[in-house]
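2 protein chains.
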Amino acid sequence: MAEQTIAEPIAIKRIGSFHVEGREAIASGLPVQEVVYTRGSPPRPLDPNGEYEVEQMYVQYVQLEKAKAKYPLLMWHGGGMSGVTWEDTPDGRPGWQSIFLRAGHDVYVSDAVERGRASWCCIPGVYEGNAVARPKQESWEGFRFGPIGSWDPDPAKRKSYDGQRFPIAALDAFQRQTVPRWTTSDIPTQRAYDRLIQKVGPAVVMVHSQGGNFGFTAALNAPDKVRAYIGIEPSGTPPPGTDLTGLRDIPHLVVWGDYIDLVPQWTESRARIEAYGAAIRDAGGSFDIIDLPALGIKGNSHFPMMDNNSDAVAALVQDWMESRNQME
Amino acid sequence: MAEQTIAEPIAIKRIGSFHVEGREAIASGLPVQEVVYTRGSPPRPLDPNGEYEVEQMYVQYVQLEKAKAKYPLLMWHGGGMSGVTWEDTPDGRPGWQSIFLRAGHDVYVSDAVERGRASWCCIPGVYEGNAVARPKQESWEGFRFGPIGSWDPDPAKRKSYDGQRFPIAALDAFQRQTVPRWTTSDIPTQRAYDRLIQKVGPAVVMVHSQGGNFGFTAALNAPDKVRAYIGIEPSGTPPPGTDLTGLRDIPHLVVWGDYIDLVPQWTESRARIEAYGAAIRDAGGSFDIIDLPALGIKGNSHFPMMDNNSDAVAALVQDWMESRNQME
Numbered sequence: 001m002a003e004q005t006i007a008e009p010i011a012i013k014r015i016g017s018f019h020v021e022g023r024e025a026i027a028s029g030l031p032v033q034e035v036v037y038t039r040g041s042p043p044r045p046l047d048p049n050g051e052y053e054v055e056q057m058y059v060q061y062v063q064l065e066k067a068k069a070k071y072p073l074l075m076w077h078g079g080g081m082s083g084v085t086w087e088d089t090p091d092g093r094p095g096w097q098s099i100f101l102r103a104g105h106d107v108y109v110s111d112a113v114e115r116g117r118a119s120w121c122c123i124p125g126v127y128e129g130n131a132v133a134r135p136k137q138e139s140w141e142g143f144r145f146g147p148i149g150s151w152d153p154d155p156a157k158r159k160s161y162d163g164q165r166f167p168i169a170a171l172d173a174f175q176r177q178t179v180p181r182w183t184t185s186d187i188p189t190q191r192a193y194d195r196l197i198q199k200v201g202p203a204v205v206m207v208h209s210q211g212g213n214f215g216f217t218a219a220l221n222a223p224d225k226v227r228a229y230i231g232i233e234p235s236g237t238p239p240p241g242t243d244l245t246g247l248r249d250i251p252h253l254v255v256w257g258d259y260i261d262l263v264p265q266w267t268e269s270r271a272r273i274e275a276y277g278a279a280i281r282d283a284g285g286s287f288d289i290i291d292l293p294a295l296g297i298k299g300n301s302h303f304p305m306m307d308n309n310s311d312a313v314a315a316l317v318q319d320w321m322e323s324r325n326q327m328e
Numbered sequence: 001m002a003e004q005t006i007a008e009p010i011a012i013k014r015i016g017s018f019h020v021e022g023r024e025a026i027a028s029g030l031p032v033q034e035v036v037y038t039r040g041s042p043p044r045p046l047d048p049n050g051e052y053e054v055e056q057m058y059v060q061y062v063q064l065e066k067a068k069a070k071y072p073l074l075m076w077h078g079g080g081m082s083g084v085t086w087e088d089t090p091d092g093r094p095g096w097q098s099i100f101l102r103a104g105h106d107v108y109v110s111d112a113v114e115r116g117r118a119s120w121c122c123i124p125g126v127y128e129g130n131a132v133a134r135p136k137q138e139s140w141e142g143f144r145f146g147p148i149g150s151w152d153p154d155p156a157k158r159k160s161y162d163g164q165r166f167p168i169a170a171l172d173a174f175q176r177q178t179v180p181r182w183t184t185s186d187i188p189t190q191r192a193y194d195r196l197i198q199k200v201g202p203a204v205v206m207v208h209s210q211g212g213n214f215g216f217t218a219a220l221n222a223p224d225k226v227r228a229y230i231g232i233e234p235s236g237t238p239p240p241g242t243d244l245t246g247l248r249d250i251p252h253l254v255v256w257g258d259y260i261d262l263v264p265q266w267t268e269s270r271a272r273i274e275a276y277g278a279a280i281r282d283a284g285g286s287f288d289i290i291d292l293p294a295l296g297i298k299g300n301s302h303f304p305m306m307d308n309n310s311d312a313v314a315a316l317v318q319d320w321m322e323s324r325n326q327m328e
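Line by line, the protein sequences give chains X and F. Be aware that the first sequence starts at 1, since it is given in the numbering used here, and climbs by one per residue. Be aware that the second sequence starts at 1, since it is given in the numbering used here, and climbs by one per residue.
Isolated chain X (complex conformation) (with noise of 0.2 Å):
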């Protein structure tokens, strides 16, 4: 892997970040508020009515002076997440956003459609159903730090899995990364990321869980400009019967964490991608997997990017990306 060292310096053309899609909403017949902007204040008039902006999403860029790679990596976060996924680790370890600008890649990391910095809306009726969030508990049980069952308030109680390589010592941290999100948000999401690749595509795109079906979806709408798929722990695929012959020339990887045996969430999540990637190879196309387990590195949770061997398992696929020519 042609990586700089830690102790080199980034040399940086450029940084900045852009809003792509939204749409206007319009709130009418709300009730005026009194609002106490400040305490202590007097209360002063709100009028909720009027135009407002929805739906669009957030894109953060680091432009490298000289880029090794071909093209720009988009970093796409799972569900209930946000771009922070790709930052620093929630122990403080560089993130994959930064190792992989050492290791060459322009990046470009999203927030989605109403998470984090593309903002949710608080106008009623903008949005199908209820914000959801999730409890400690369906961290540490669904993104397999520890067994189902094993989950306690008392940190001290509580077992991880044997050799789980998940900083657990920092749950609470990584939880204070964690978003509310709408389970309604995936037309709009979709319409963003495609505009995304329009925007700055050719592209390679990087996803993480619920963002794994964006992105098959994205290369589906975009095979021109979709240079390569890497899915880290994918959670959904487009439906079954899709036509995927206009993936052949795009290559397409999966990277799998430990335990998943034991999480029938993801034993079914992993047999629906694989078969996906068994279309695509039907198809005429590439689908490549990188099970960590299989590979004897073991202890992987559902956030390798986080996980102790975060480093090496970038290396892997900074590997993959080289083997696939996606390198200048």
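In short, the hints are calculated from the structure, not lab data. We put the beta carbon where it would ideally sit given N, CA and C, even for glycine. Please note: incorrect hints may appear among the correct ones.
Said to hold, decoys possible - Straight line, CA to CA, 35 Å or less: simulated DSBU-like cross-link-like pairs of lysine-lysine:
(1) Lys-66/X - Lys-159/F
(2) Lys-13/X - Lys-70/F
(3) Lys-199/X - Lys-159/F
(4) Lys-199/F - Lys-13/X
(5) Lys-70/X - Lys-13/F
(6) Lys-66/F - Lys-68/X
(7) Lys-13/F - Lys-298/X
(8) Lys-66/X - Lys-13/F
(9) Lys-199/F - Lys-157/X
(10) Lys-13/F - Lys-199/F
(11) Lys-13/F - Lys-199/X
(12) Lys-159/X - Lys-199/F
(13) Lys-225/X - Lys-70/F
Stated by the list, open to error - Stretch-level coverage of chain F by chain X, calculated; a stretch enters the list once three of its residues show a Cβ under 8 Å from a Cβ in chain X:
(14) 9 to 20
(15) 51 to 57
(16) 75 to 83
(17) 86 to 94
(18) 111 to 118
(19) 128 to 135
(20) 168 to 182
Given the structure of chain X, go ahead and fit chain F onto it with the hints provided.
Chain F in isolation, oriented as in the chain X frame:
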């Protein structure tokens, strides 16, 4: 102003992020929900009861290989906004995050408690009151883009102030940067800012609008760690009568845009801020004012960091920092 040209790369030592503060909140007695996580798939039960983290603040840092400033620059946004305030302008020019990086500062951009990547919490009972949002008209009039009464939903029919420097053609892009806010979160927000200063200080705080009072108070709470205060159109102050003798060694700067006399809210705000400044001076401290129109620089809005002369305003601030012995 000793500044790199736009063509030179920025040499970065490290880029990353963390959350500060936060506390556990426990939900109990809430009904289990049936959630369709992906359109077309069967609903799965979600038990929202359990432990969450709330009231954390998000901080993204970019550390230079060789900073020229003595102290890191902490950038705190205003009400209903996030750290995106300091990134690219709504019309796509480099923002103050990158301008001040190029001027030699390590920068730490925050998203305040319950805003942006700090994350709000959707569990009932955690916050006092409801979230409020800002319709476009309130931005237009309150941020002094156009006169009170000049708003029209049709861009062709609204008339901005003569000489307005805000990129009003990008109003929708600006509006996509706004986020809902609670007006009852001042206490945990101040706590998080104070903690940030303990963590990364000594430091310079640059604040905008609602951030203004958080910065003033942070200086009072840590006079040994806040090395300068830079208020860009700050909106509030600590209570009259506060003992300000601790601020004697902290240079304060406030920057004002144009049209303030035309909007009562800002006329009052400026008067309050300048009375506070006079009290700092009375206590033996320093409080400087850059009144842009008085310098012949007309047309700035409430967001000078986004106006079409944002680079020139940044240069004035940088010159002030140099004059106040903030650079190596």
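Structure-based check of each hint:
no., hint, in the structure
1, Lys-66/X - Lys-159/F, "violated, 44 Å"
2, Lys-13/X - Lys-70/F, "holds, 24 Å"
3, Lys-199/X - Lys-159/F, "holds, 31 Å"
4, Lys-199/F - Lys-13/X, "holds, 29 Å"
5, Lys-70/X - Lys-13/F, "holds, 24 Å"
6, Lys-66/F - Lys-68/X, "holds, 24 Å"
7, Lys-13/F - Lys-298/X, "holds, 32 Å"
8, Lys-66/X - Lys-13/F, "holds, 16 Å"
9, Lys-199/F - Lys-157/X, "holds, 30 Å"
10, Lys-13/F - Lys-199/F, "holds, 19 Å"
11, Lys-13/F - Lys-199/X, "holds, 29 Å"
12, Lys-159/X - Lys-199/F, "holds, 31 Å"
13, Lys-225/X - Lys-70/F, "violated, 45 Å"
14, 9 to 20, "holds (count 11)"
15, 51 to 57, "holds (count 4)"
16, 75 to 83, "holds (count 3)"
17, 86 to 94, "holds (count 4)"
18, 111 to 118, "holds (count 3)"
19, 128 to 135, "holds (count 5)"
20, 168 to 182, "holds (count 8)"
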